[in-house]
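Q: Sequence:
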Amino acid sequence: MQIYTKKTQNQQLKNEFPLDKLAQLATTSNSDTYSVQNLRKRARAKYMTNSYTVALASLKSPLQKSYNNTVYGCATTILQTQNKLTSTYCKNRWCLVCNRIRTAKLISGYLPQLEKIDCKYFVTLTIPNVTGSELRGSIQEMIKKFQVINKSFANKNNKLVGIRKLECTYNPIRGDFHPHFHLLIQGEGNAKLLLNEWLKRYPKANIQGQDIRAADNTSVYELFKYFTKIISNKAVYIQPLDIIFQAMRNLRVYQSFGIQMISDEIE
Numbered sequence: 112m113q114i115y116t117k118k119t120q121n122q123q124l125k126n127e128f129p130l131d132k133l134a135q136l137a138t139t140s141n142s143d144t145y146s147v148q149n150l151r152k153r154a155r156a157k158y159m160t161n162s163y164t165v166a167l168a169s170l171k172s173p174l175q176k177s178y179n180n181t182v183y184g185c186a187t188t189i190l191q192t193q194n195k196l197t198s199t200y201c202k203n204r205w206c207l208v209c210n211r212i213r214t215a216k217l218i219s220g221y222l223p224q225l226e227k228i229d230c231k232y233f234v235t236l237t238i239p240n241v242t243g244s245e246l247r248g249s250i251q252e253m254i255k256k257f258q259v260i261n262k263s264f265a266n267k268n269n270k271l272v273g274i275r276k277l278e279c280t281y282n283p284i285r286g287d288f289h290p291h292f293h294l295l296i297q298g299e300g301n302a303k304l305l306l307n308e309w310l311k312r313y314p315k316a317n318i319q320g321q322d323i324r325a326a327d328n329t330s331v332y333e334l335f336k337y338f339t340k341i342i343s344n345k346a347v348y349i350q351p352l353d354i355i356f357q358a359m360r361n362l363r364v365y366q367s368f369g370i371q372m373i374s375d376e377i378e
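Okay, so the sequence shown: first residue is 112 according to the working numbering, each after it adds one.
Simulated from the structure, these hints should not be mistaken for lab results. Every residue gets a Cβ at the ideal spot worked out from N, C-alpha and C, and that includes glycine.
Listed next, with one range per pair, are the computed distances between beta-carbon atoms: (1) 229 - 287: 34 to 42 Å; (2) 229 - 175: 45 to 53 Å; (3) 155 - 320: 30 to 38 Å; (4) 312 - 242: 19 to 27 Å; (5) 187 - 219: 19 to 27 Å.
Below, a list of computed lysine-lysine pairs in the DSS-like style, where the Cα atoms sit at most 27 Å apart: (6) 195 - 216; (7) 262 - 315; (8) 227 - 336.
Kindly generate the complete structure, drawing on both the sequences and the hints.
A: Dropping the structure here:
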């Protein structure tokens, strides 16, 4: 298994992809300073993304072409037209540059809607850990079972309102994967009923892995952080990351119900 530590990532990237010098320019006006700050953040995100995506591309996986597109085709050139900066983006989920844009778009679209929801609760729904070969099928099954539960609420005239996020993490000690849902929904009663319905369908799920807690508007920001942790204990596990990205391919990470759906596509 390929494991990249932060030190080895930095050394490789210094040799192959030097940090964008444009992001180091110093300026005086407020507008220019804002642009330079954003360029600096973008350069840092691009640098970190390349540090593990180069290794992912070396795996010869079905996603190799997409990995290479991230390294060589995403945010490599920034064009300025008067005060507007534009670039091309890979739109891939493992790209930190694209995820910064995607996260900002989702928060901007969902936050005003979620702020209107009274009595918000943050819910975590899990299943037993699975192997890499079982991961995609397990995620698809989770999505289908949640859709059935959501429909059962509607049939009882007790419509669920909120948003569901799919996440997956890797356990390097056990060598297995942990797909789970995080949800922000309206009402403590609905949160408890949702959990009960979930456990009926996954009786072997660890009860301690499930969670219900009162939420506030700051919980919205937590919800949009990431769908998988790229770096775990200062190391990047390359093959497991590729397995997660393959399993998540063409599957929706965010799904709203009872509120307007916001596209996560990047323009």
